[in-house]
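J.: Listed below are the residues making up each chain.
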Amino acid sequence: MLSLKIAARFLKSSPGQSALIIAGIAVGIATQIFVGSLITSLQADLIDAAVGSSPHITLLPGDSASTVPGTLATTASKSEPLVATAIPVRTLSAIYTSGEDSVPLSITGGDATDLGLIYKLEDRMVSGTYRLSAGEALVGTVFAEKYDVGAGDPLELLLPDGTMAEFTVSGVFDLGQATANERVAFVDAASAADALGIADEEYTAIQIQLTDVFASTEVADRLGNDNDVTAVDWQAENAELLSGLAAQSGSSIMIQVFVLIAVALGIASTLAISAVQKTRQIGILKAIGMGDGAAGRIFAWQAALLGAGGTLGGIALGYGLIWGFSFAPVPFSIRPEPTFIAISAGIGITVALLSSIIPARSTSRLDPIEVIQNG
Amino acid sequence: MADLLVVDAIGKVYGEGSAATRALADVSFTVAEGEFASIVGQSGSGKSTLLNLIGLLDTPTSGQVLFAGENTTALGRRGRARVRNEGLGFVFQFHYLLPEFSVWENLTMPAQIAGRTVSGEERDRALQTLALLGLEGLERKNANQLSGGQKQRVAIGRALMNRPRLILADEPTGNLDTANTEAVYGLFRTINAELGTTFLIVTHDRAVAQQTDRILEVRDGELVQDVRNDYAG
Ligand SMILES: Nc1ncnc2c1ncn2[C@@H]1O[C@H](COP(=O)(O)OP(=O)(O)OP(=O)(O)O)[C@@H](O)[C@H]1O
Ligand SMILES: [Mg+2]
Chain C
1 MLSLKIAARF
11 LKSSPGQSAL
21 IIAGIAVGIA
31 TQIFVGSLIT
41 SLQADLIDAA
51 VGSSPHITLL
61 PGDSASTVPG
71 TLATTASKSE
81 PLVATAIPVR
91 TLSAIYTSGE
101 DSVPLSITGG
111 DATDLGLIYK
121 LEDRMVSGTY
131 RLSAGEALVG
141 TVFAEKYDVG
151 AGDPLELLLP
161 DGTMAEFTVS
171 GVFDLGQATA
181 NERVAFVDAA
191 SAADALGIAD
201 EEYTAIQIQL
211 TDVFASTEVA
221 DRLGNDNDVT
231 AVDWQAENAE
241 LLSGLAAQSG
251 SSIMIQVFVL
261 IAVALGIAST
271 LAISAVQKTR
281 QIGILKAIGM
291 GDGAAGRIFA
301 WQAALLGAGG
311 TLGGIALGYG
321 LIWGFSFAPV
331 PFSIRPEPTF
341 IAISAGIGIT
351 VALLSSIIPA
361 RSTSRLDPIE
371 VIQNG
Chain R
376 MADLLVVDAI
386 GKVYGEGSAA
396 TRALADVSFT
406 VAEGEFASIV
416 GQSGSGKSTL
426 LNLIGLLDTP
436 TSGQVLFAGE
446 NTTALGRRGR
456 ARVRNEGLGF
466 VFQFHYLLPE
476 FSVWENLTMP
486 AQIAGRTVSG
496 EERDRALQTL
506 ALLGLEGLER
516 KNANQLSGGQ
526 KQRVAIGRAL
536 MNRPRLILAD
546 EPTGNLDTAN
556 TEAVYGLFRT
566 INAELGTTFL
576 IVTHDRAVAQ
586 QTDRILEVRD
596 GELVQDVRND
606 YAG
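Residue numbers (the numbering used here), protein chains in the order written: chain C, 1 to 375; chain R, 376 to 608.
Isolated chain C, as found in the complex (with noise of 0.2 Å):
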């Protein structure tokens, strides 16, 4: 405890150059927390963007089959605990038509309670009801712009096999995205089997979300291999999107790493140029019987000290920075992240107490005949 005392008390007799290397760590520390804070959150909105609502998994007939089971959807819930959702869906194309204009639509028909669950459609009406009563249909607000239908409004659609379909548009969604808003419109189970000429119980496709979206590519090949069904994950189909947040990732632990090798550096210096200042003290020291491990702890805790200080100033200065972003007019915010956070103050002292070992070795071996003898 003596060396402890003895550390702060060395930086205290020089608090320029004690503020001086503390804000300088805590810069360190703020930029990281910023930087981490920053991709960590724009990460999970791109990935939001990307699959927040649609399904991360979907299960395909397998080679010789043409419709899947409702019960696979219960069956794959039931086998792999990370499955969130899986619901059974029927998939078709069709046309419409609207005087000179005829637009290709993919439908999806559902219950309104499963489809909700995969697509958040309740949170995104625009207009009408959220429902999906028999012969309902709900449309894309660039659809419903375009060819002019609203909620009430009829809707007749060429079906694969050449028949005509009429529907009533019960509500108009918003996906966040044109093409969806534009193409996309989903059908009750119901009138789906109808348009397709399939059974009550059979389906086109399992639609799955999961609690961890990166699971995708081990989950698939599993429901895949073990009910004999195609599976076809997000992350295949998002290679790009992938790539690109793989890279963005890489260059911000370079950022980091940069960072926190500054920050060592700046400790390091500190603390060499504060052993050679000291020397003279440690020379008196170890004269009236300091032990040379004794000796070398004072340097050790004076880079905890330096660490602890920059580290609490950097946690704070990030916060603010974050608090302070939050002002910035930009579509979206960064959340601070605890675990992040909490690793990069780990990562903080250790660093410093890494930078400590050279002055605390150089203390330790210091001869006190080496101060006695020159005055």
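Simulated from the structure, these hints should not be mistaken for lab results.
Covered stretches of chain R (in silico footprint by chain C; criterion: 3 or more residues with CB under 8 Å from a CB of chain C, positions within the stretch not fixed): (1) 448-456; (2) 471-481.
Listed below are the simulated DSBU-like cross-link pairs for lysine-lysine, each with C-alpha atoms no more than 35 Å apart in a straight line: (3) C:120 <-> C:78; (4) R:516 <-> C:5; (5) C:120 <-> C:146; (6) C:12 <-> R:516.
We put the CB at the ideal spot given by N, CA and C, even for glycine.
Using the hints provided, position chain R with the ligands relative to the given structure of chain C.
T.: Chain R with the ligands only, in chain C's frame:
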């Protein structure tokens, strides 16, 4: 009386090869507990070298030093630090106080290094030492804020704090005026008489040496004279 210190044929060579300097050669003598002795000699004769070897601040090239029956030359760094802390007190020409600490903290540093808390008996001893040295009221002051004489007295106080059996002083009054010099030697005598502390004082001042009970003379790294001085005050 038992020998507190046995200096057994110690020699010291600084440097190596052609740059080697023989600072001390084959010096032997013993000091009994309670003695008040001086080491004299010309500049460069090897006095400080001898004192630093006895004080375990440096290691001899040959020979050995026994302190309180223990062969200190055989000790490792840790053991030597312990003996310096518990058995020895140092006073140098320069005070070597710690400028970041107060008078009180400087005084109690040897006790803290020994791992003792400064309370009760330890505190009383520090207060006594301050009184003995005429430093009452200065304990809160920073070591930097004292006069040269005061600093040297704090350094003497620090040397006394662990009640060492042997105090080694190397030109302790070299930076002081006549009045302060007299006061310091007066103090040494008092401590020697009252606590029975053994003193070994290096000086090149014959007048100072004349006031000690025994005079050892070093010339060119060799002990050339060792006389009792019955005229000392
Ligand atoms: N670190 C060293 N390296 C090389 N030579 C040294 C070293 N220290 C002392 N010497 C040499 O050893 C000899 C004895 O030095 P020492 O300091 O013991 O003399 P001294 O009697 O204390 O002199 P002074 O009265 O001037 O203090 C001198 O010749 C000196 O040059
Ligand atoms: Mg000398």
